[in-house]
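For the sequence shown, the working numbering gives the first residue as 1, with consecutive numbering after it.
What the hints contain is simulated information worked out from the structure, not anything from laboratory work.
Wrong hints could be hidden among the right ones.
No more than 30 Å apart at the CA atoms, straight line, and that leaves these computed lysine-lysine pairs for DSSO-like [stated by the list, open to error]:
{"no.": "1", "residue 1": "Lys94", "residue 2": "Lys66"}
{"no.": "2", "residue 1": "Lys61", "residue 2": "Lys10"}
{"no.": "3", "residue 1": "Lys97", "residue 2": "Lys6"}
{"no.": "4", "residue 1": "Lys97", "residue 2": "Lys121"}
{"no.": "5", "residue 1": "Lys69", "residue 2": "Lys10"}
{"no.": "6", "residue 1": "Lys94", "residue 2": "Lys61"}
{"no.": "7", "residue 1": "Lys121", "residue 2": "Lys69"}
{"no.": "8", "residue 1": "Lys6", "residue 2": "Lys94"}
{"no.": "9", "residue 1": "Lys66", "residue 2": "Lys97"}
{"no.": "10", "residue 1": "Lys94", "residue 2": "Lys10"}
{"no.": "11", "residue 1": "Lys94", "residue 2": "Lys69"}
{"no.": "12", "residue 1": "Lys10", "residue 2": "Lys66"}
{"no.": "13", "residue 1": "Lys6", "residue 2": "Lys66"}
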Amino acid sequence: DPASIKHEVKVARIANEAFTIPAGSENTNVTATFEFPADGEILGITPVVRLRGKSVTAVAKFPDGKQMKLVEIPRWDNAYHFQYQLGAPVPAPKRTKVEVTAVYDNSQMNAANPDPSADVKAGLGGELLEGWLLYTSSTSGTATAAAGGAAAVAGEVAVASAAGCPNCAEKCHKTVSTD
Numbered sequence: 001d002p003a004s005i006k007h008e009v010k011v012a013r014i015a016n017e018a019f020t021i022p023a024g025s026e027n028t029n030v031t032a033t034f035e036f037p038a039d040g041e042i043l044g045i046t047p048v049v050r051l052r053g054k055s056v057t058a059v060a061k062f063p064d065g066k067q068m069k070l071v072e073i074p075r076w077d078n079a080y081h082f083q084y085q086l087g088a089p090v091p092a093p094k095r096t097k098v099e100v101t102a103v104y105d106n107s108q109m110n111a112a113n114p115d116p117s118a119d120v121k122a123g124l125g126g127e128l129l130e131g132w133l134l135y136t137s138s139t140s141g142t143a144t145a146a147a148g149g150a151a152a153v154a155g156e157v158a159v160a161s162a163a164g165c166p167n168c169a170e171k172c173h174k175t176v177s178t179d
């Protein structure tokens, strides 16, 4: 029943399509950002990088200067293309930024790297940095009031573990504190 819908969930592609990872580089940082055009809520995120991805972090940066890690994958594996739903919606006032940062390893130490001697560009046949953000926005009249959601995120925001991941408990996913 359409009348019973309280929140329209939107999807935003957060991407950086203009980067190069130098040949032999063990740690190249690349960032992509989405800015909320109106008040809304963050529901989840799907980070995506490819073979040279080493780690991925998504952080909400609020207009008041506070920050909150949404997801942190310190040891990326190309099989980790999962949607990470937050334990509770995170209120995102207008001008909140969601920043996805990936660290790439284009060295010979990366066993998944097909050619550490080549510079790698973003795009087809190269590398990728995307974050698929699930959110609501008040521009569609669907976001809940920030005050109502604030109590739900005090303490910890649990990042949902991904089914089938062999390292979930100890190595690849972290629960992130909002304090």
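So, going through the hints one by one against the coordinates:
1. Among the hinted pairs, Lys94 with Lys66 is consistent with the structure: their alpha-carbon atoms are about 14 Å apart, no more than 30 Å.
2. Taking the CA atoms of Lys61 and Lys10, the gap is near 19 Å; set against the 30 Å cutoff, the hint holds.
3. Taking the CA atoms of Lys97 and Lys6, the gap is near 24 Å; set against the 30 Å cutoff, the hint holds.
4. Restraint check for Lys97 and Lys121: satisfied, since their Cα atoms lie roughly 25 Å apart, inside the 30 Å limit.
5. Distance hint between Lys69 and Lys10 is fulfilled; the C-alpha atoms sit about 20 Å from each other, no more than 30 Å.
6. Using a Cα cut-off of 30 Å, the hinted pair Lys94 and Lys61 holds, with the two alpha carbons roughly 11 Å apart.
7. For the hint pairing Lys121 with Lys69, the CA-to-CA distance comes to about 27 Å; that is within 30 Å, so the pair holds.
8. Pair hint Lys6 plus Lys94 holds up; C-alpha atoms about 20 Å apart against a cutoff of 30 Å.
9. Under the criterion of a C-alpha separation no larger than 30 Å, the hint pairing Lys66 with Lys97 is consistent with the structure, at around 11 Å.
10. Of the supplied pair hints, the one linking Lys94 and Lys10 holds, its CA atoms being roughly 15 Å apart against a limit of 30 Å.
11. Restraint check: the Cα-Cα separation between Lys94 and Lys69 comes to about 18 Å, which is no more than 30 Å; the hinted pair holds.
12. Using a Cα cut-off of 30 Å, the hinted pair Lys10 and Lys66 holds, with the two alpha carbons roughly 24 Å apart.
13. Pair hint Lys6 plus Lys66 holds up; C-alpha atoms about 28 Å apart against a cutoff of 30 Å.
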